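Asks: Residue numbers (numbering that gives the first Met the number 0), protein chains in the order written: chain H, 0 to 278; chain D, 0 to 278.
Check each hint, because a few of them may be wrong.
The list treats identical chains as interchangeable, and a pair is accepted whether it falls inside one copy or across any two copies.
[Unchecked claim] In silico DSS-like links for lysine-lysine, alpha-carbon gap of 30 Å or less:
(1) 86 to 215
(2) 215 to 202
(3) 239 to 202
(4) 239 to 85
(5) 239 to 274
(6) 154 to 86
Treat the hints as calculated values from the structure; they're not laboratory data. Note that the structure is predicted; figures quoted are calculated from it, not measured.
The lines below spell out each chain.
Protein chains: 2
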Amino acid sequence: MTLTVALIAPGSMGAAVGRYLRDHGLDVCTTLAGRSVATRERAAAAGLREVEQEQLGEADILLSIVPPSEALPLAQELAPLLGRMKKTVYVDCNAIAPATVEQVGQTLTDAGCAFVDAAIFGTPPSPERTCPSFYASGEHAARFAQLNDYGLPVKVLEAPIGAASGLKMSYAGITKGLTGLIAAMVQAAERSGSGQALRDELKCSQPMLYEWANEKLPDMYPKAYRWVAEMEEIAAFAQKDRPSEALYLAMAQLYWRLAENRAAGAGNDVAELEKWLAR
Amino acid sequence: MTLTVALIAPGSMGAAVGRYLRDHGLDVCTTLAGRSVATRERAAAAGLREVEQEQLGEADILLSIVPPSEALPLAQELAPLLGRMKKTVYVDCNAIAPATVEQVGQTLTDAGCAFVDAAIFGTPPSPERTCPSFYASGEHAARFAQLNDYGLPVKVLEAPIGAASGLKMSYAGITKGLTGLIAAMVQAAERSGSGQALRDELKCSQPMLYEWANEKLPDMYPKAYRWVAEMEEIAAFAQKDRPSEALYLAMAQLYWRLAENRAAGAGNDVAELEKWLAR
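Start from the sequences, fold in the hints, and give me the full structure.
Replies: See the structure below:
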């Protein structure tokens, strides 16, 4: 019997995962009521079957791939329906702090619905790219891991709800944090007249950081706005450790400044980075 | 004619640099009045010639290699003497913010003494290790660069006072900052049950960050206390950029917590890092 996977909501990652699962023989459905034309077109291009919200409870596995702020509201909206049907396992794939994931999980568990904490590592799958990895934790993780049989790389962590999200947070805190540190120091170096020397010294004594800077800085500008919320989630994740919380709140501010600066076209901050990269 | 180099004060870096210069044929002197037995022994082992403070003005080049907090007081103490003699070029080699370096430089320039901003990259020279690099900026940098003829690698930046220190700050802000980010996220991951997964994922998808963590975390514990002041200098360096200042002040707090924790033997923070490294 073919599994049915429901996907909420088909943004660029969601639609690409949906298409990938459909190409691997699964029945993939989504809801589109009230969604934009762009979303409808993305869903159609991915070959996703449109269903009414009431039919979501017929899916075996529901994947929530939404902006961080929508993760909890979506769970609250769907919990009564899914809890009544008791067929679906709800998988939250979003980049949210473990404490937020626990709230999402509690909402579904209280309603009687099985819940899995998951995190996505990598870029959307496409014919040219490999599929990103999914990590999953919580007692029902094995139900989500059935998708391994359909080509989706799901790694189960033998750990409770919160572990998959904690992994996502800590990994992003290091990688996206490093990009933020480089941006901050490149800007300061350019202002102090040592931009060229920093570039030469990194190239010579820290080639891997030099490459990181060249590759990740230009890739970051258009994502800076999205990373603000992610850094805030990481701050919440690190909250038991006061200096770490302050550190990631400052990182969120740094990305906010870069994003605003770029949107305004004033571009002091971005211009300093571009000047440095062009040296 | 052999150049005379004065070294203030012979700590582990200063004494090793002194010995290196002496081995390369220079006359190297230092003052030892009021210094500890350990410092006297280090100076003797390095073969440094002891002089009275009044004789420092006879040196061609004076290197200040002191803890960050002593950089300005030392300049204030020596400026009148060196300004009277007008023979010595004063080279500040300390890890201090460009704004602090400018104060140091102004103190000496006002007194009539030539000044160079410098920064040291690397560990103390020894028979087993190569000599660290010195960067120098400011109009008198070429006088310090004469030491290239005696084997000391001095790179002149065609930039004003502040550039060499800015380079040191921005480089340390990236490298020591990265170690801090990893420490913060490893601690949070261990608390959320995702420590092992973070280790596996880094090893697989970011091998260079995995190696950095394994090499730099254990190396950092004993230095954490010293890095507090360095992170505060970097915050001052980044001050025109508000989020960066807050970021490095938080980083200073993070290293402070690690250092205190280790000194108290309670070791929660360090224990989390060690547990993770041993996985």
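Asks: Each hint should be assessed against the structure and marked as holding or not.
Replies: Here is how each hint holds up against the structure:
1. 86 to 215: neither (42 Å within a copy, 49 Å between copies)
2. 215 to 202: For residue 215 and residue 202, the Cα distance is within 30 Å both inside one copy (15 Å) and across copies (19 Å).
3. 239 to 202: between (37 Å within a copy, 26 Å between copies)
4. 239 to 85: For residue 239 and residue 85, the Cα distance exceeds 30 Å both inside one copy (36 Å) and across copies (56 Å).
5. 239 to 274: between (39 Å within a copy, 18 Å between copies)
6. 154 to 86: Cα proximity of residue 154 and residue 86: one copy only (22 Å, versus 69 Å across).
Violated hints, listed in ascending order, are 1 and 4; each of the other numbered hints is respected by the structure.
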